[in-house]
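K.L.:
Residue numbers for the sequence shown follow my numbering, so the first one is 1 and each next one is one higher.
The reader is advised that the hints may include incorrect statements.
As the list claims (entries may be wrong) - Estimated spans, in silico, between C-beta atoms of each pair: (1) Lys-638 x Gly-613: 52 to 58 Å; (2) Arg-167 x Asn-518: 49 to 55 Å; (3) Asp-166 x Tyr-521: 51 to 57 Å; (4) Asp-220 x Asn-518: 38 to 44 Å; (5) His-524 x Gly-586: 28 to 34 Å; (6) Ala-150 x Leu-557: 37 to 43 Å.
Honestly, the hints are just simulated from the structure, not real lab data. What you are looking at is a predicted structure, and each value in this text was computed from that prediction instead of being measured. Idealized CB from N, CA, C, for every residue including glycine.
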Amino acid sequence: MTQPPPPDQTPRHLPRRSGAWNAARNPGAPEQGATPRVEQIRITTPDLARRAALAVLQKRMVFGLFGFLLIFSILAGRLIDVSVINPTHPDEAAIAAELPRTTILLPPPARAEITDRNGVILAVSLPGAALYANPKQIGDPGEVARQITAVIPTLDPGWLESRLADRKRDFVYLDRELTAEQELAVNQLGIPGVYFENIEHRHYPEGDLAAHILGGVTPDQRGIAGVEQYFNKSLTADPETPLRLSIDIGVEGIVRQETEQAMTDYAGVGACGIVISARTGRVLAMASLPDYSAGSLGTASADERFNRCVSGDYEPGSVFKLMTLSMALNSGMIHYWDRFDTTHPLHVGRFTVTDFEPAHIWMTVPHILEVSSNIGASRIATILGPEIQRTWLKKLGFFGKPPIQLPEAQPAMYHPKSDWKLLTTMTVSFGNGIAMSPLQLISAVVPVVNGGVYYPPSLDDQGPPPAGVRVMRAQTSLIMRKMMRNVVVAPQGTGVYARVPGYLVGGKTGTAQVVGPNGRYMKHLNNASFMAAFPMTDPRYVVYVLVLQPHATKKMLPFCHGFTTGGYVAAPAVANIIARIGPMLGIMPLSGDKLAAAEAQLSIPIDPGPPPGRSALGPGRLFPPGASKYAYMLAGQKPPAVTDEAAHDAALARTEMWQPLGATAETISAPSAPIIGGAVSHQTMNANSPFTHAGG
């Protein structure tokens with residue numbers, strides 16, 4: 001290969017011009033009129049080598065591009081296949097294995113929940129913290145106490161300082177009821193020697209509702225009152241299984257509200273209200289006032305902690321006539337058409353038995369209950385005598401402790417057998433001279449209205465209903481229901497203010513004297529109560545309200561006219577309770593023909609005559625065969641020399657009736673047939689008559 005000419009050499013075939021023109025032209029421009037020169041391209045060996053390398057590189061890039069396109073096409077096709085055409089479902093086990101393990105689950109509680117019968121939580125244990133300290137690690141107890149009380153104002157600084165200054169101990173509790181906010185605030189102080197302990201707190205979401213039933217626990221979660229104490233072992237042995245009570249917290253709230261309203265209106269010192277099932281004996285509501293918040297048992301006063309429903313023994317007053325009359329009718333010695341002398345007070349020694357409103361007539365049994373005649377009840381009780389009376393009361397649980405799941409339950413107070421003479425027989429017949437808890441009283445009324453079956457009162461809603469025991473004839477219960485209905489609907493009935501439109505309410509008033517500290521009755525003080533059941537055609541529930549020592553306040557004076565009897569004080573509260581809980585419990589009011597038919601089914605003559613072929617007690621025939629000697633003594637007559645023991649023993653045998661029903665409770669309903677000997681032609685009570693009396 002030839003060597004190229006120098007770059008600035010003029011081509012040989014071009015003529016040279018004058019130097020002046022060449023000097024004026026731009027370098028590299030052709031001469032004027034000359035043919036443009038041709039560039040000489042010089043290719044060297046390195047250039048060829050570089051070109052060869054570039055050609056190889058270009059081929060490789062083309063092959064690489066096709067390779068990548070092929071790979072990406074395969075991947076795209078595979079991705080479309082597994083995600084769209086043939087998607088692969090994830091393995092649940094593999095996913096579960098990949099989930100992160102956490103430790104935020106709360107540990108199981110050490111104490112089981114308590115719920116009402118509908119599952120509403122009444123008591124629950126939740127994790128919390130307790131504040132404690134090691135006094136040996138505390139530098140300045142006074143300063144530490146000041147810092148802690150700044151964030152926990154409820155602690156006493158002096159007490160706290162003394163605890164922190166106790167160098168003999170290395171562990172002292174400072175607060176076992178820390179809230180989450182207080183725990184955070186104390187933790188931020190960063191005080192050496194002050195620590196937290198993980199504990200459980202017992203919480204009661206409903207506050208003061210059912211407080212006396214629930215009771216409470218100690219700081220270390222041990223039950224010390226109510227069902228918390230009674231069921232303490234089972235609550236801690238099986239903390240995963242809630243304890244379900246028979247309480248209906250909705251009914252409980254209504255009973256407490258209405259009972260408290262009556263107590264407040266009449267400035268009473270206390271009150272209680274109970275609702276119990278007439279078919280099982282299970283308690284739906286039980287409110288004792290004043291009460292406390294269940295979570296604050298330790299700071300409640302003794303008066304607030306006192307459960308008046310089961311711990312207080314009170315004379316029942318005229319409500320106890322339900323016991324006297326049901327006992328008399330069930331014995332067979334007394335019939336509802338018998339008449340008794342209530343024309344004058346009864347005098348026994350220095351004591352006198354009178355009526356609230358004396359009628360000065362001979363009264364039948366329905367009339368005695370309607371106007372609440374103490375004289376009539378005394379006449380009846382003395383005919384039966386103390387043996388039958390004591391047997392009846394013992395059978396219905398008045399001589400023992402009520403079988404309720406509350407440690408606070410107390411037995412009744414009554415005279416010993418040796419002192420149960422004429423006067424005691426008389427006074428007990430109308431509720432004086434004997435005292436029992438409201439729960440004992442309402443439990444004994446259950447068989448009076450439900451067809452004659454006694455059920456022990458219970459707060460436990462777990463398992464089958466308790467088995468009942470027949471303690472009286474169904475016919476006796478039917479007559480009692482009709483007479484109790486008269487107390488509410490009759491013009492002269494003492495319970496007229498317990499009427500509830502559409503509901504067939506029956507009941508009995510009670511007004512009892514108050515026994516003072518010296519054992520004597522206090523003047524111008526009484527306890528007012530009302531016992532009711534509904535609906536009386538087929539009783540489902542029994543309701544009882546007791547107001548202790550009510551007063552005729554300025555607010556209530558226009559209504560009660562200065563009286564503080566059960567008819568004025570407690571009956572309206574019971575009516576309000578029934579009106580509110582009836583629909584809640586599935587009992588709707590009746591109207592029209594249904595109401596009229598039910599009223600007719602419950603009607604009973606106020607002054608019935610004996611059925612054909614039967615005779616009645618009354619003027620000229622005061623006593624039946626087997627009557628007690630006390631009846632003759634009360635009438636001022638000499639007892640017969642020979643007593644009809646057979647008649648007395650037959651009556652005692654009927655009084656002792658005790659027939660277990662087995663595991664399945666009877667279905668109780670009112671017979672549609674009229675009561676034996678009922679004379680429908682006699683005067684009956686008019687439910688629409690105006691209110692004229694509310695004593696008792």
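K.L.:
It remains to establish, for every hint, whether it holds in the given structure.
P.N.:
Status of each hint after checking the structure:
Checked against the hint of 52 to 58 Å, the C-beta distance between Lys-638 and Gly-613 comes to roughly 31 Å, which is inconsistent with it. Between Arg-167 and Asn-518 the CB atoms are about 54 Å apart, so this pair conforms to the stated range of 49 to 55 Å. Restraint check, Asp-166 to Tyr-521: a C-beta distance of roughly 54 Å satisfies the suggested window 51 to 57 Å. A hinted range of 38 to 44 Å holds for the C-beta pair Asp-220 and Asn-518, which are about 43 Å apart.
Between His-524 and Gly-586 the beta carbons are some 44 Å apart, a value that contradicts the proposed interval 28 to 34 Å. Checking the proposed 37 to 43 Å range against Ala-150 and Leu-557 shows it is violated: the Cβ atoms sit about 52 Å from each other.
Checked against the numbered hints listed earlier, the structure breaks hints 1, 5, 6; every other hint is satisfied.
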